[in-house]
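*Asks:* Sequence:
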Amino acid sequence: MRPLRRGMKAVEELEEEMTEAAADSNEDPLEETEDLEPLEPDDGGTFQQVTNLLNIMDSGAAKTDAAGAGPDMRKTLASVIITEKATSEPSVVMNALIRCLQVPKISTQRKVNIYNILQEIIQQEGELEEQGVQRLVAIASKEMRETLEAEGYVKAEVASDTLAALSRNHFSLVMYELQHHLKPLNLTDEFVIITLAKLANGNVFEFMPYMGITLATIFTMLRLANEAKMRQVICSATETFCETVQFYLRHLEDSVYPVMTEDQFAVKLFPLYRYFVTVWLRNQNPEVKLGVIKSLKPMLNLLLPNDDLRDQVYDYIPLLLAEYRGSLEALFITQVLRQILEMSVTTNTPVPEMQLHTIFTELHVQVCAKVPAQQQYSSQNLVEIVQCFIALARSYPKELMKFFFSQIEMSKEAIRVGTLTLIRAVVSADEPRMNIRTISLAIRVVKNTLSDTRFKVRMAILRIIGQLALSGYQDRIKGWGLKYVSVQLTLSTYKLTNHRESFYQRDLEEKMVHKVTMDTVRIITSSVSGMTNEFWVRLLCYIMETDYTEALTPICISLTNLAERQLHTKDAAAGVASKSKHVDLPAPQKLLARLLVLMSSPYKGEGRGIAMLNLLRTLSQSIAPSMADMWEVEIPLLVKYLEEHTEFTWNQKTWEDKLIQFLRNSLKKTRGSNWSLRLSKELNNQIESFNSPSLEKGFLYRALGFTLAMGLEADKVEVLLLELLYKTDYSNDFDREGVILCFGLCARGQVKTVLNVLHDFEERIQESEQSWQIGAWRKDHPWRRETVKSALMVIYSCVASYCHPQMLLTHVDNPITAKIIHHYSSSCQDICLKMAFMKSVMQVTKAIKNIKDLEDFQFAQKMTLTGIITATIKEEPTDSLVSPVRTMAMEALSHLSNLKPFYSMEENNELMDISIHSVISLQPPAEDNESIQTLYANAMHALEQLMEGLMQRQLDPKGLQEMVHLLEKWILSEKEGEREKATNLHLHLMQIYVQSIGVCIPLKLGQFGMLVGLMAPCTCDSHRRTRIASMDVLSSLLDLHASQTCSSWGPSKELELAKCKEDLQGPDVEKIFSASSRIAKVACVQFNCDEVVSLIQKLCENIGAMDLQHDKASVTWIGTFLQMRAKELEDKVAEILGAILVHLPVVDHLEVRRCLIEGILLLAHYHQETVLTSLLRQPLPMERHLTEVWLAVAENVPFARTMLHGLMGRLQSRFTPKANATSKADIWRLAAVDPLMTLCTIHLLIQKIDVNDKLLDLFPDLIYTLLLQLSSSQGPEAMSPVLKTWRLVHAGMLPEEINLQRITIQSMQLLFRRLNSEQLVHTLEEQGVWALLQSSSTFLQGVGLLARLCMRSMEGYRQRLSELVLRGMDSDVLSCRISSTAVCVEFMSDPVLYQEKLLKPTVLLLEKGADQEDEALRVLSLRALGNMALGAPKKVRQYRKLLLEKCLDSLRGPVSTSVTSEGMEALAKILAELREGDVGSSFSVLCEQCRAFFDSESELLRLKAFVLFGRLAKVVGISKKHFFKEEVKKAWIPLLLHCQDPCPDAAQACVATVFQCAHFWGWKAPESSSGRSDSSTADEMTVLQTTLCSILTQKKPAVLYSFLLETMTYVSSNLPRIRSAACDLAGVIMKQMSAHHLKKLDFPALRDSLQELQLDSDPGVRRAALETLKILDTCSQHLLLASSGGFC
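The numbering used here runs 22 ahead of the 1-based position in the sequence shown.
None of these hints come from the bench; they were simulated from the model. Treat the hints with caution; some may be incorrect.
[Unchecked claim] Only pairs whose alpha carbons sit at most 20 Å apart, straight line, appear in this in silico DMTMM-like list of lysine to aspartate or glutamate:
no., residue 1, residue 2
1, K434, E531
2, K1083, D1061
3, K1081, E1092
4, K1653, D1695
5, K662, E678
6, K1103, D1061
7, K1463, E1495
8, K1026, E1076
9, K533, E435
10, K980, E970
11, K1653, D1670
12, K478, E531
13, K874, D835
14, K133, D183
15, K392, E435
16, K774, E745
17, K1662, E1628
18, K469, E431
19, K133, E165
20, K1661, E1628
21, K1463, E1487
22, K690, E656
23, K626, E678
24, K980, E898
[What the hints assert, rightly or not] If you anchor each label on the Cβ, the simulated ranges turn out as follows:
no., residue 1, residue 2, range
25, R132, D337, 50 to 56 Å
26, T383, R476, 57 to 63 Å
27, Q851, S753, 16 to 22 Å
28, W672, P715, 15 to 21 Å
29, S433, R466, 17 to 23 Å
Each residue gets a CB set at the ideal place from its N, CA and C atoms; glycine is no exception.
With the hints as extra help, turn the sequences into a complete structure.
*Replies:* See the structure below:
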């Protein structure tokens, strides 16, 4: 709705402006039309209305209305109004617009607007007068044929568009006019041709009869058109004419005019084509060339179908080709050439053979040469050239291939690549199909480049081979093509797998070649039938041998396609079909092993897994017929899994499990044969083909283990296992782990075989050093010995993990465990060997534990293993962690503890003590050392698991007490790391105890309190994990206590503890202590009074025992219990408060003191007024502990707000009548306090209260209260009551910074900073508001400036501030009334008082203030009354009587200058909102009083008087015009003279007033001189004086005479510049005076006065008097001459 209102408002303004313009035009109609032709008969004012609307459209500085309607909307609305009027009276409006066009010296924009409106009118429905149309045609035709300049071109363009619009209904008139100016052998105007083209485009059928003569006439002008612009116009017009003819020929049936054939048009058009190509195309101007080329395409559409003209067009092809060497865009030339060549193919009329070589050469160069930088359409040009060559291949295939052959013989890479690219395009052309001869020639050319090794050439050849296969020429690539593809596949793969890092560019090139090769292979295998066996074998061997695995996927896909085509060939012979079912393959086991291993990473190489599975499925009959049926079922499931996942979502272990299951199921189909053994050999042979580590090799070890487990011949399996042991590199962790896994998997079906192989291997390596070829026992490499021994230990334990349970129980003690102990004991026992030993023990114990039916199995080696492990733990350093040995040792003990025989109680305690000492003292790892962090976490977890396992056998309060006894010294340790670990252990064991015991066995008396007291301070520990663990310990204790005492413990408390735990996890210290306090609240309800007292005592004792965090936690818990039991301790409040006040000053830690201060705040919440009065009566400056109390108040925002309200009340009570106390709280509230102490407290609270709380609701009251306090302190200060207290405590005076003014201003500054308005704060500082407020002389100025800035920046506080201001203005305290009125001055300049309906009471209070004796109050009241014109201008008339009366009172009587100047300034503001009739009888008094101050000695009074008189001049209407004219006459001389006033502001105001009053003399002068320089103003004043004197000489010479006499009275003025100005003005007047009045002058007296000024002290006065004296002498001489000549 807002845009609509804007539009309506703009329409109303337009109508008002039209009405005013019409009224002005009626007053003096000859002013605008005196230069026009004789007026036509009356049109009912339409012409005038149109003119006014056009004026509005032309105005570039249209005012923007309040709703935002700008110049664009006004212009549019004016245009719409004219167009709408033309709907009903089209001819009248059009005639009016035509008249407007004929106005001389009309602006270009105005003409453009008129033509645009005329076009809209022409497009409307309705009849137009023929005469008007003829006039418009003539005017527009003349307009567009005038000299074309920058603006003229715009007029010509719009005139041309107007003619084109007229042609739709008045074609004959327009065409006649244009044809009249189109004469043969005479170069016409540019826009005549442009307009003809527009007519042809818009009136196709009507223009056709004129088309022939138009083309013929234009042809005669071609030789005369020498300018580039004219040539472009003709080319463009010709292009339009040709397109129009084509449209006409397509719609001949719609034409009612005589029909012209296509040949007739072509014959008329060909001369233009010939001239364009032979002459204009050679022009050096690129724009002309472009215009010619673009016009050729539509011309050729008409010329090429003509058989006779087509041959002639061929003759000019060389001229087109020559343009390739120029600067013209090649694309446009190629498009024309393609049009000619394709038409030659369509019409079967080839271009002359003699031109072929030139065409071939030029087009070929475009393909092979580097594209110039200025060519923008190189890619599109290449597409067009390809189409040209395809057209040439259809007409001259043999010649084209010969040309290609000649180019191929060149050795340049770019030429060869370009030629091959063109050959590929020719081969790919489908319609019409290239003949076999052309393809054969193309293949012959390609074969000539097969030896080229450059990568771009190789890629081009490969693409041609692929294109031949795609285009159906498969038989043409068999042999040479397939061989070339195979060679490139092998060559690129070899280069990529044997690349060097320094040849990155070559590797990139080879990757490109390889990719193209893969694409070609895919195309060939999917389209070529009857593939040769050689190509099949090459691809299959590529899979088996290549190390470049990225190419495996496309090769597998290609092989699958080939195999499927061979298997499904229906027309093949029986022998061939049989052969296709069993294609030639390498060993089936070798192929299966290769594919299985590669499929372990199925997403490498663009997803090779699916491709290999499909190949396996296709070749199933050839690999293993017995597996074929099973593969048909399981392979699709594997493919489905891979398709459902991606490389980011699949699971490696799951996929390997599926492949292993697929392998196992496949091997089951070959039972009874040696298939699995042969497969094992192939898998074993491939181990060295893969790197370590790799996924493929890891899967290979696993597959080998499963395959060997299914072998039937144990002796051959032993050979393979022994070979594997011998060739394994045990220093390689990956290979070692792979062999271990392989042996374990093999033991699943061959456990005895595996143990025999291990025994045999151990015996062989002990026979002699030479018998073991890997040299494991050589003395120069002792670490190799431990590596092999550790591998053997883990192999034994892995065998135990995988073998059958019954076989395990038989062999676990001997030989498995015995061998493990033997290898460990007989070695040097380094870290790796220890880890291998612990791992072996854990694997063996896990394997035993997993057996379901152990019955009474006793592990005979348990105690031996325990002794070795505990000795190992004791050997580990207690302060560092460098290996996972101790972790693995504790884990091994945990597993051993679960086996029989169990440990005794003493053994359990000993193991726990050893383990705790080994771990608890370890230093926490650094954050950047992840490996040590992992070791550390694992060690702690292992300790917890071990203690849990050992504690399970002594679950009772005594056992719990023993456990806590072991941990207590670590919980109270000074080291944070030890506390953290001990607390976590305590938690873990406590949870086990609670879960296991519950309510069965109650805790001992006092045990519960001891446990809570021990853990409570830890809730605020510096370590997060310690806090969380202690929280969990307390939760467990509270749960246990609640269950054992049957006390209330609901879900809400559980939820609260959970929230507290979340808060403890964060780093925020405040949240941590808050959470600790909430925990105390939850726990408090579980304690009786005695328990509370004892617990508080325990916590108090802990203060100082540990670090600061624990002390803070202790006092937090104390404070929390005091809060919850405050009502119960009502009698103890005073005692508690006394204790806090006594101990508060001596507490060292601020945080601890703060918690004690909270006790004081608790009392203040219940007894606010009492505590407030007590605190305010403390001495200044504040002691440290007292300051901390107020800081604590500030932190509690709601309570701080309450205290601020109370403090404000203490200050406001000084400005309000005193009230009687009605309660005890009132007595304390009304008790006398020192205002300085109150201000210091307010300042402290505002400064320290939460910065996020802006105190928005308190801001108005606070700022106004502080302002009133500041105003009351401007006078002499009474001695502050606090000084009495100060002298009792201190000797001397208060510090300088503690005074009322400084503290008050600082408090106000803090308030403004809280608003987060940086701009406001900066403005206050920049404009010096605070400095103004601090000085008593500038205080009121600062108040006004502060109020003004607040009004602008803080709109939300206006209402409240207004109410406070009114309250202050009605106060009995004078300083309060003055300050409030100063604020009211700014409020009156804003609509806020009017909007809030507070204007009337404000005016009444200001009226009262204006009558006061106090000067400052009276000035401010008058200023505020004057500002009503700014804030509530509509209310000025309502209060005009009061306003005028109070302001006039300030001008009468003996009042101060400030009051008088303020009164005149207020009158100037008020008069701006009043009309002549509103002033009434006061008008004459105002004029008289105003003139009285023109010559005042006060510069301020003169300035205000001049401004006020200028304002009176604006108010004057018809009724007061004559009266004020007399006033102007009385004031004229002082005004003219004071234009040179020594006060610059007064002089400027006087000049403005003179210009405003000049029209009362009947002379129109500039309205204002603002913005002019002094020199320009002086010149204007001289002109004004001279002109006025000239007019007075002619009309009122007596007035001029009186002016001279009055002027001479000012030569004795006290102001030198006025004396100088009087001399100058007197000279001007004397120059203009008539001889008659010159005779009346007393020349001697005048001369004496001027000569006396020659002695003036001011040089300017002397110079001006001398110039006037010369004028006087000149006038005297002229008068004498006139008298002697007989003239009057």
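*Asks:* Can the restraint linking K1103 and D1061 be considered satisfied, given a maximum Cα separation of 20 Å?
*Replies:* 15 Å, holds
*Asks:* Going straight from one Cα to the other, do K133 and D183 come out at no more than 20 Å?
*Replies:* 13 Å, holds
*Asks:* Is it true that the CA of K478 sits at most 20 Å from the CA of E531?
*Replies:* With Cα atoms ~8 Å apart, K478 and E531 stay inside 20 Å; holds.
*Asks:* Checking one constraint from the list: CA of K1081 to CA of E1092, max 20 Å. Satisfied?
*Replies:* Roughly 15 Å separates the two Cα atoms, so the pair holds.
*Asks:* Check whether the Cα positions of K1661 and E1628 lie no farther apart than 20 Å.
*Replies:* Satisfied, since the Cα-Cα distance of roughly 17 Å is no more than 20 Å.
*Asks:* Between the alpha carbons of K662 and E678, is the straight-line distance 20 Å or under?
*Replies:* Holds: K662 and E678 sit about 15 Å apart, inside 20 Å.
*Asks:* Starting from K533, check that the Cα of E435 is at most 20 Å away, please.
*Replies:* 19 Å, holds
*Asks:* Holds or violated: K690 and E656, Cα atoms, limit 20 Å.
*Replies:* Since the Cα atoms of K690 and E656 sit roughly 14 Å apart, the hinted pair holds (cutoff 20 Å).
*Asks:* Taking 20 Å as the top limit, are the C-alpha atoms of K1653 and D1670 close enough?
*Replies:* 19 Å, holds
*Asks:* Quick one, are K469 and E431 close enough, alpha carbons at most 20 Å?
*Replies:* 11 Å, holds
*Asks:* Below or equal to 20 Å on CA atoms is what counts here, so check K980 against E970.
*Replies:* Distance of about 16 Å is within 20 Å: holds.
*Asks:* Verify the proposed pairing of K774 with E745, using a straight-line Cα cut of 20 Å.
*Replies:* 17 Å, holds
Consistency with the previously given hints fails for numbers 8, 24 and 26, ordered from lowest to highest.
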